[in-house]
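J.: Just so you know, we're using this note's numbering here: the sequence shown kicks off at 1 and counts up by one.
Treat each hint with caution, since some may be false.
[Claimed, not checked] In the SDA-like style, the derived pairs of lysine to any residue whose C-alpha atoms are separated by at most 20 Å in a straight line are:
no., residue 1, residue 2
1, Lys90, Leu156
2, Lys165, Val5
3, Lys90, Val119
4, Lys90, Glu6
5, Lys90, Ser105
6, Lys165, Ile4
7, Lys165, Asp85
8, Lys165, Gly89
9, Lys90, Asn8
10, Lys90, Phe162
11, Lys165, Glu6
12, Lys90, Pro108
13, Lys90, Leu102
14, Lys90, Thr164
15, Lys165, Arg83
16, Lys165, Glu9
17, Lys165, His88
18, Lys90, Ala10
19, Lys165, Ala10
20, Lys165, Asn8
21, Lys90, Gly7
22, Lys90, Pro32
23, Lys90, Ile71
24, Lys165, Leu102
25, Lys90, Phe107
26, Lys165, Pro108
27, Lys165, Ile110
28, Lys90, Gly138
29, Lys165, Arg103
30, Lys165, Arg86
31, Lys90, Ile141
32, Lys90, Leu163
33, Lys165, Gly7
Hint data in this document are derived by calculation from the structure and do not stem from the laboratory.
Treat the numbers as computed from the prediction; the structure is a model and nothing was measured.
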Amino acid sequence: MTTIVEGNEALEINSPMSAGQRVLFGLLALFPWLAPYELILRIDWQSYFNLPFLLVAVISAGAIALSAFLIWAAIAGLSSSIRIDRAHGKISYSASAPILPLRTSSFPIISIERMQIAVTDWSDGAPSYALEFLLAGGQSIRTGSSWSRPEMEDLLERVATFLTKSV
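Could you put together the complete structure from these sequences and hints?
T.: Spelled out as structure tokens, the structure:
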């Protein structure tokens, strides 16, 4: 969930990945391990060179891959922040995760060429939306994504109002 902190001179857009979400992904990563346990370890296979065991091995490998993906999401999911500081005339983007160091990039506010709602279409399910700052030189900065387009449109309007407000 995106949160906004606005002051007289600065506006901060935070897109955190909470500790609760990380713990949930970690716990969900345990569930797929039931497949290899139930299908390989609990059954007393007399031979491993047969078609049914090959099917079981493929299912187990898929379960382990899913578990690895969930663990990766728990430890490498990014928390990001965008800070627009009118007093210093800069926009800063910061991102971090438990296994990644804090990375911060700063750009002059005047390098913002355009702001828009970026749409990410998924092969299954609804698209997700993010506020995107297009900067001079072809660079861009995106906020964390949301399933709600109206939420991102409100954020775009709020940032535009903040940027045009006189100091």
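J.: Please go over all the hints and tell whether each is borne out by the structure.
T.: Here's how the hints hold up against the structure:
With a CA separation close to 18 Å, the supplied pair lysine 90 and leucine 156 stays within the 20 Å bound. Distance hint between lysine 165 and valine 5 is fulfilled; the C-alpha atoms sit about 16 Å from each other, no more than 20 Å. For the suggested pair lysine 90 and valine 119, the alpha carbons sit about 25 Å apart, so the restraint of at most 20 Å is broken. Taken as a hint, the lysine 90 and glutamate 6 pair is honoured in the structure, with Cα atoms around 15 Å apart against an allowance of 20 Å.
With a C-alpha separation of about 10 Å, the suggested pair lysine 90 and serine 105 falls inside the 20 Å cut-off, and the hint holds. Proximity of lysine 165 to isoleucine 4 is assessed by CA-CA distance (about 17 Å); at most 20 Å being required, the pair is judged to hold. For a cut-off of 20 Å, the pair hint linking lysine 165 to aspartate 85 stands: about 12 Å separates their Cα positions. For the hint linking lysine 165 to glycine 89, the alpha-carbon distance of about 13 Å falls within 20 Å, and the restraint holds.
For the proposed pair lysine 90 and asparagine 8, the alpha carbon gap of about 15 Å is at most 20 Å, so the pair holds. A C-alpha spacing of about 13 Å is found between lysine 90 and phenylalanine 162, which places the hinted pair at or below 20 Å, so the restraint holds. Of the pairs offered as hints, the one joining lysine 165 and glutamate 6 holds, with about 12 Å between alpha carbons and a cut-off of 20 Å not exceeded. The suggested pairing of lysine 90 with proline 108 holds, with an alpha-carbon distance near 4 Å, which does not exceed 20 Å.
The suggested pairing of lysine 90 with leucine 102 holds, with an alpha-carbon distance near 18 Å, which does not exceed 20 Å. Taking the CA atoms of lysine 90 and threonine 164, the gap is near 14 Å; set against the 20 Å cutoff, the hint holds. Between lysine 165 and arginine 83 the alpha-carbon distance is near 16 Å, which keeps this suggested pair within the 20 Å criterion. Distance hint between lysine 165 and glutamate 9 is fulfilled; the C-alpha atoms sit about 10 Å from each other, no more than 20 Å.
The straight-line distance between the Cα atoms of lysine 165 and histidine 88 is roughly 15 Å, inside the 20 Å bound, and the hint therefore holds. With a CA separation close to 10 Å, the supplied pair lysine 90 and alanine 10 stays within the 20 Å bound. For the suggested pair lysine 165 and alanine 10, the alpha carbons sit about 11 Å apart, so the restraint of at most 20 Å is met. With a C-alpha separation of about 10 Å, the suggested pairing of lysine 165 with asparagine 8 holds against the 20 Å cut-off.
Taken as a hint, the lysine 90 and glycine 7 pair is honoured in the structure, with Cα atoms around 15 Å apart against an allowance of 20 Å. About 46 Å separates the Cα atoms of lysine 90 and proline 32, which puts this hinted pair outside 20 Å; it is violated. Restraint check for lysine 90 and isoleucine 71: not satisfied, since their Cα atoms lie roughly 36 Å apart, outside the 20 Å limit. The hinted pair formed by lysine 165 and leucine 102 fails the criterion: a straight-line CA distance of about 30 Å is larger than 20 Å.
The hinted pair formed by lysine 90 and phenylalanine 107 meets the criterion: a straight-line CA distance of about 5 Å does not exceed 20 Å. A distance of roughly 17 Å separates the Cα atoms of lysine 165 and proline 108; the hinted pair therefore holds under the 20 Å criterion. The suggested pairing of lysine 165 with isoleucine 110 holds, with an alpha-carbon distance near 14 Å, which does not exceed 20 Å. For the given pair, lysine 90 sits about 17 Å from glycine 138 by alpha-carbon distance, which is consistent with the 20 Å threshold.
Taking the CA atoms of lysine 165 and arginine 103, the gap is near 29 Å; set against the 20 Å cutoff, the hint is violated. Restraint check for lysine 165 and arginine 86: satisfied, since their Cα atoms lie roughly 10 Å apart, inside the 20 Å limit. In summary, the hint linking lysine 90 to isoleucine 141 is supported, as the alpha carbons are separated by about 13 Å, within the 20 Å threshold. Simply put, lysine 90 and leucine 163 have alpha-carbon atoms about 11 Å apart, close enough for the 20 Å limit, and the pair holds.
At most 20 Å may separate the alpha-carbon atoms for a hinted pair to count; lysine 165 and glycine 7 meet this at roughly 12 Å.
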